[in-house]
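Trainee: Letter 124 of the sequence shown, counting from 1, is numbered 130 in the working numbering, and no numbers are missing.
To be clear, the hints were calculated from the coordinates, so they are not data collected in a lab.
A couple of the hints might just be wrong.
Said to hold, decoys possible - Capping the alpha-carbon separation at 16 angstroms, the derived lysine to aspartate or glutamate pairs in EDC-like fashion look like this:
no.: 1; residue 1: K117; residue 2: E72
no.: 2; residue 1: K98; residue 2: D60
no.: 3; residue 1: K117; residue 2: E54
no.: 4; residue 1: K117; residue 2: D50
no.: 5; residue 1: K117; residue 2: E61
no.: 6; residue 1: K98; residue 2: D87
All of these numbers come straight from a predicted model, not from anything done at the bench.
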Amino acid sequence: MKLVKLFGTALVALSLSVPAMAQQAGGQPDQVDQLAQMVGLSDDQQTEIRAILDEMQGEIGELREEARALQQQMQGEIKSDYDEAAIRDSAKELGDVTGEIAALSTLMQAKVDSVFTQEQRDELDKRMQQMQQQMQQQRQMQQQGQGQGMPQGQGMQ
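Sequences are here, hints too, so could you generate the full structure?
Mentor: Next comes the structure, spelled out in structure tokens:
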């Protein structure tokens, strides 16, 4: 049950971590509204979650941009006269940046989770279990379809 809760919280947090600007531009549906419908968030809870997301997404977004720039910089070092020290320095810095992104994302998840009541967490756990079961069933169906194939001459007629 603990694993399902962690999975559910992570899934919700990931869905909530869409950049705020995309939400404001209408590029993404509002995940806070979806979450509110799913677990019955109050207006105060929605406001608190939006504040958490606004606070943390800007910083996470800046770090993602920094990580992209470092990756591009490293790609630029792929040449015959490469500089191993520069590659290693960039790689270390990229590791630090991605570690900070992971830390901030986890903190954001924890802060969002702290807004839920126990009943809301239970409902979220239940929904996540259902989603996990559906995904597992889909994977099994895909594996069965790939593994069995149709015998020659018995396709659709």
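Trainee: Are the hints correct? Go through all of them and say.
Mentor: Consistency of the hints with the structure:
no.: 1; hint: K117 <-> E72; result: 24 angstroms, violated
no.: 2; hint: K98 <-> D60; result: 29 angstroms, violated
no.: 3; hint: K117 <-> E54; result: 10 angstroms, holds
no.: 4; hint: K117 <-> D50; result: 15 angstroms, holds
no.: 5; hint: K117 <-> E61; result: 11 angstroms, holds
no.: 6; hint: K98 <-> D87; result: 20 angstroms, violated
In this structure, the hints that do not hold are numbers 1, 2 and 6, in rising order.
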